[in-house]
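S.K.: Read top to bottom, the protein sequences are chains E and S.
Reading the first sequence from the start, the letters are residues 1 to 263 in this note's numbering.
Reading the second sequence from the start, the letters are residues 1 to 387 in this note's numbering.
Treat the hints loosely; a few may be bogus.
As the list claims (entries may be wrong) - Derived coverage of chain E by chain S (criterion: at least 3 residues anywhere in the stretch with Cβ under 8 Å from a Cβ of chain S; other residues may be distant):
| # | segment |
| --- | --- |
| 1 | 22 to 28 |
| 2 | 131 to 140 |
| 3 | 145 to 154 |
Unchecked claim - Here are some chain S residues pointing at chain E (derived, C-beta under 7 Å):
| # | residue |
| --- | --- |
| 4 | Pro27 |
| 5 | Thr32 |
| 6 | Glu36 |
| 7 | Glu40 |
| 8 | Gly49 |
| 9 | Glu55 |
| 10 | Ser56 |
| 11 | Gly95 |
| 12 | Tyr209 |
If you are wondering where the hints come from, they were derived from the structure by calculation, not from laboratory data.
C-beta: ideal position from N, C-alpha, C; glycine also.
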Amino acid sequence: MPSVSEWYRADRMPHIFCTGCGNGTVLNCTLQAASDMGWEIDDTVFVSGIGCSSRASGYTAADSLHTTHGRALAFATGVKMAHPEFNVVVFTGDGDLSAIGGNHFIHACRRNIDMTVICMNNMIYGMTGGQGSPCTPRGAFSTTTPYGAQEPTFDLAELAVAAGANYVSRWTTYHVKQLTDSIKTGMETPGLSFIETMSQCPTSYGRKNKLRQPLDMIEYLRDHSILISKKRRLEAEGKVIPDTTFAVGEFVRRSRPVMGLKR
Amino acid sequence: MLQITEGSHAVAEAVKLCRPQVVSAYPITPQTHIVERLAEMVADGDLNGEYICVESEFSALSSCVGASAAGSRVYSATTSQGLAFMAEVVFNAAGMRLPIVMTIANRALGAPLNIWNDQQDSIFLRDSGWMQIYGEDAQEAMDLHFIAYKLAERHDVLLPCFVCLDGFIVSHTFEPVDIPSQKEIDEFLPAFNPLHRLDAKNPMSFGMYATPDCYQEFRYEINAAMIRAKAAYREIAAEFKAKFGRDYTGLVEGYRLEDAETAIVAMGSICGTAKDAIDEMRDAGEKVGLLKIRSFRPFPSEEVRTALKGVKNIAVIEKNISIGSRMLGAVGLEVKDAVYKDSPNIFSYVGGLGGRDIRKRDIKQIVQWAKEGRNDCFFGLREELLK
Ligand SMILES: Cc1ncc(C[n+]2csc(CCOP(=O)(O)OP(=O)(O)O)c2C)c(N)n1
Ligand code: SF4
Ligand SMILES: [Mg+2]
Numbered sequence: 001m002p003s004v005s006e007w008y009r010a011d012r013m014p015h016i017f018c019t020g021c022g023n024g025t026v027l028n029c030t031l032q033a034a035s036d037m038g039w040e041i042d043d044t045v046f047v048s049g050i051g052c053s054s055r056a057s058g059y060t061a062a063d064s065l066h067t068t069h070g071r072a073l074a075f076a077t078g079v080k081m082a083h084p085e086f087n088v089v090v091f092t093g094d095g096d097l098s099a100i101g102g103n104h105f106i107h108a109c110r111r112n113i114d115m116t117v118i119c120m121n122n123m124i125y126g127m128t129g130g131q132g133s134p135c136t137p138r139g140a141f142s143t144t145t146p147y148g149a150q151e152p153t154f155d156l157a158e159l160a161v162a163a164g165a166n167y168v169s170r171w172t173t174y175h176v177k178q179l180t181d182s183i184k185t186g187m188e189t190p191g192l193s194f195i196e197t198m199s200q201c202p203t204s205y206g207r208k209n210k211l212r213q214p215l216d217m218i219e220y221l222r223d224h225s226i227l228i229s230k231k232r233r234l235e236a237e238g239k240v241i242p243d244t245t246f247a248v249g250e251f252v253r254r255s256r257p258v259m260g261l262k263r
Numbered sequence: 001m002l003q004i005t006e007g008s009h010a011v012a013e014a015v016k017l018c019r020p021q022v023v024s025a026y027p028i029t030p031q032t033h034i035v036e037r038l039a040e041m042v043a044d045g046d047l048n049g050e051y052i053c054v055e056s057e058f059s060a061l062s063s064c065v066g067a068s069a070a071g072s073r074v075y076s077a078t079t080s081q082g083l084a085f086m087a088e089v090v091f092n093a094a095g096m097r098l099p100i101v102m103t104i105a106n107r108a109l110g111a112p113l114n115i116w117n118d119q120q121d122s123i124f125l126r127d128s129g130w131m132q133i134y135g136e137d138a139q140e141a142m143d144l145h146f147i148a149y150k151l152a153e154r155h156d157v158l159l160p161c162f163v164c165l166d167g168f169i170v171s172h173t174f175e176p177v178d179i180p181s182q183k184e185i186d187e188f189l190p191a192f193n194p195l196h197r198l199d200a201k202n203p204m205s206f207g208m209y210a211t212p213d214c215y216q217e218f219r220y221e222i223n224a225a226m227i228r229a230k231a232a233y234r235e236i237a238a239e240f241k242a243k244f245g246r247d248y249t250g251l252v253e254g255y256r257l258e259d260a261e262t263a264i265v266a267m268g269s270i271c272g273t274a275k276d277a278i279d280e281m282r283d284a285g286e287k288v289g290l291l292k293i294r295s296f297r298p299f300p301s302e303e304v305r306t307a308l309k310g311v312k313n314i315a316v317i318e319k320n321i322s323i324g325s326r327m328l329g330a331v332g333l334e335v336k337d338a339v340y341k342d343s344p345n346i347f348s349y350v351g352g353l354g355g356r357d358i359r360k361r362d363i364k365q366i367v368q369w370a371k372e373g374r375n376d377c378f379f380g381l382r383e384e385l386l387k
């Protein structure tokens with residue numbers, strides 16, 4: 001059973017992530033979960049689109065498909081249907097998944113294809129230098145929203161629930177333990193598991209939003225997250241929850257019919 | 001007055017001066033600096049239009065088609081994967097005869113993934129019905145936008161237009177640029193006056209189903225407009241020259257071609273390097289010159305033939321590869337077709353793909369190869385990487 005370090009592809013180091021980027025944390029948690037699952041490297045395929053987050057697949061020792069912007073899930077669908085015995089993990093970003101690839105996202109959830117999808121939501125197009133994405137919070141600055149974003153954002157986890165994924169959770173790069181456990185639960189759950197990770201991009205998001213230091217952003221993520229159970233309780237009590245917060249925890253775990261199961 | 005400006009910002013200034021009512025774009029390297037600047041101009045109220053932060057290139061060009069059909073002057077910019085993703089709408093825009101202007105910051109296409117310059121992206125859409133003009137430096141890239149709008153919107157043309165500039169080499173470098181005033185551009189480029197547009201009082205449908213008994217005629221018309229665009233381009237560029245003093249009147253442009261025995265043919269920024277190399281070769285007594293292709297669509301065959309009359313060897317520098325074609329490059333095929341009656345030696349040399357630098361010494365080597373009659377081939381190949 002390979003250890004976490006064996007899941008890394010040492011010859012690709014150093015990685016391209018900026019100092020303090022959250023992507024490394026998410027990659028680490030994912031590989032830890034894969035290791036905890038007892039998966040074999042040769043039975044696993046990592047698929048990704050384009051973006052800083054999508055570069056993660058290239059740093060794993062397993063086979064990987066680095067595809068085109070937004071299409072990771074469509075490529076991964078092909079891999080999984082051809083080889084249901086493979087463990088398929090998709091790395092994607094908020095832009096990759098919900099902007100240019102939004103259509104594939106809802107259909108992959110609807111089909112409930114047996115794979116684990118990990119989205120590093122840094123609320124920005126990090127790789128291209130910080131343009132606003134469908135997850136850039138209202139009022140946040142980006143190079144295409146110089147006076148603050150005005151459009152409403154997507155709630156990716158809720159979207160996955162609505163579209164039919166069997167397992168959906170959201171954590172942040174602050175919640176390393178919960179995130180690792182959640183990815184493992186996702187890997188264990190048949191069907192599409194969607195794990196959204198709120199992550200820090202100090203370079204393209206932090207600099208523009210008075211969160212220059214990586215720690216500032218991690219603290220921001222911690223302080224703005226609220227456990228989904230608590231959120232639901234407060235809502236039931238009729239309390240107002242500030243719309244700058246986002247829920248973390250397990251959104252759904254269910255057993256809708258699944259495609260691409262191991263035979 | 002000359003201003004030191006980044007190529008992308010020069011383009012953004014040009015676009016602003018053209019007063020588009022709708023700008024719609026999705027970011028992609030190396031186009032980002034153009035659209036970020038435009039987003040800022042709209043946010044600051046310097047450009048009185050809408051900036052749509054669409055979710056993909058597909059939506060970018062689709063919303064441009066919608067806005068253009070509704071009677072607005074529109075703008076987008078992209079490159080590489082973004083352009084490839086747009087391809088369906090690229091054909092639609094031309095078929096609907098919508099005079100959209102789009103900047104292409106030329107970049108290689110994947111896979112493998114590469115963000116650097118070559119011209120494969122625009123060239124692969126050569127049959128789409130879009131005009132394609134290439135700027136060599138920031139000034140030319142800027143000026144071609146003014147010409148492009150005027151040309152595209154002319155009622156005897158009505159075709160969309162790519163204005164191409166080499167990614168990074170032109171888009172991300174700083175050069176002195178003469179930026180016209182708004183007044184001057186307003187005089188040169190009047191407001192968009194659509195021949196057809198969506199109008200409730202005079203209902204009209206765009207892009208309808210065409211049966212076999214009329215589809216072919218649509219294609220014929222698009223091609224006829226493309227042919228008319230040559231003369232229209234010359235007229236408009238002459239008008240531009242009279243007003244601004246800068247001369248883009250040729251669909252091609254010769255450099256030290258008089259008495260040349262060997263000619264380089266190229267498009268875009270590499271022409272600058274070629275001119276330097278040619279000066280040095282001329283100093284050493286070699287009879288070489290350059291033919292720069294400014295317009296790849298429409299392709300100016302007659303001009304190419306006239307300009308290359310008397311030249312013995314022609315070396316086409318191809319920043320693209322038409323995989324499977326005998327001559328390797330898409331530009332060489334067209335040049336060969338233009339000059340075949342004069343039977344010079346003509347070769348395609350493919351290089352500079354995915355951002356590999358083309359240096360003066362490469363140009364000199366190519367000239368040497370052409371003189372020796374070395375056949376169509378790649379230059380600058382790293383043999384050690386080949387099995
Ligand atoms: C078709 C296409 N359009 C645009 C791009 C340019 N592009 C590369 S990454 C990216 C955004 C990435 O954002 P996200 O998915 O959130 O990943 P991050 O870099 O933030 O991790 C864009 C727009 C591209 N590669 N392909
Ligand atoms: S730009 Fe942002 S997302 Fe990309 S590596 Fe740097 S910090 Fe990470
Ligand atoms: Mg992102």
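S.K.: Do the numbers back the hint for Pro27 (chain S), that is, is its least Cβ distance to chain E under 7 Å?
M.R.: 4 Å, holds
S.K.: Answer holds if the nearest beta-carbon of chain E is closer than 7 Å to that of Glu40 (chain S); otherwise answer violated.
M.R.: 5 Å, holds
S.K.: Per the coverage rule (Cβ-Cβ under 8 Å, at least three residues), is the segment 22 to 28 of chain E covered by chain S?
M.R.: That given contact is violated, which follows from only 0 residues of the segment 22 to 28 of chain E lying within Cβ reach (below 8 Å) of chain S.
S.K.: Taking the closest Cβ pair, is Gly49 (chain S) under 7 Å from chain E?
M.R.: 14 Å, violated
S.K.: Report holds or violated for the interface hint on Ser56 (chain S), using the least CB-CB distance to chain E and a cut-off of 7 Å.
M.R.: Interface hint status for Ser56 (chain S): holds (4 Å vs cutoff 7 Å).
S.K.: Under the criterion of a CB-CB separation shorter than 7 Å, is Tyr209 (chain S) in contact with chain E as hinted?
M.R.: Because about 25 Å separates Tyr209 (chain S) from the closest Cβ in chain E, which is outside the 7 Å limit, the hint is violated.
S.K.: Have a go at the Glu36 (chain S) hint: is there a Cβ in chain E nearer than 7 Å to its own Cβ?
M.R.: 4 Å, holds
S.K.: Would you check whether Glu55 (chain S) satisfies its interface hint, that is, whether its CB is within less than 7 Å of any CB in chain E?
M.R.: 4 Å, holds
S.K.: Take the shortest C-beta to C-beta distance between Thr32 (chain S) and chain E; is it under 7 Å?
M.R.: Hint on Thr32 (chain S): holds, closest Cβ of chain E at ~5 Å, below 7 Å.
S.K.: Under a C-beta cut-off of less than 8 Å, do 3 or more residues of the segment 131 to 140 of chain E approach chain S closely enough to confirm the stated coverage?
M.R.: holds (count 3)
S.K.: Next item in the hint list is Gly95 (chain S). Is there a CB on chain E closer than 7 Å to its CB?
M.R.: Since the shortest Cβ distance to chain E is 24 Å, the answer is violated.
S.K.: Check whether three or more residues of the segment 145 to 154 of chain E sit with their beta carbon closer than 8 Å to a beta carbon of chain S.
M.R.: holds (count 4)
Comparing the model with each numbered hint stated earlier shows that hints 1, 8, 11 and 12 do not hold.
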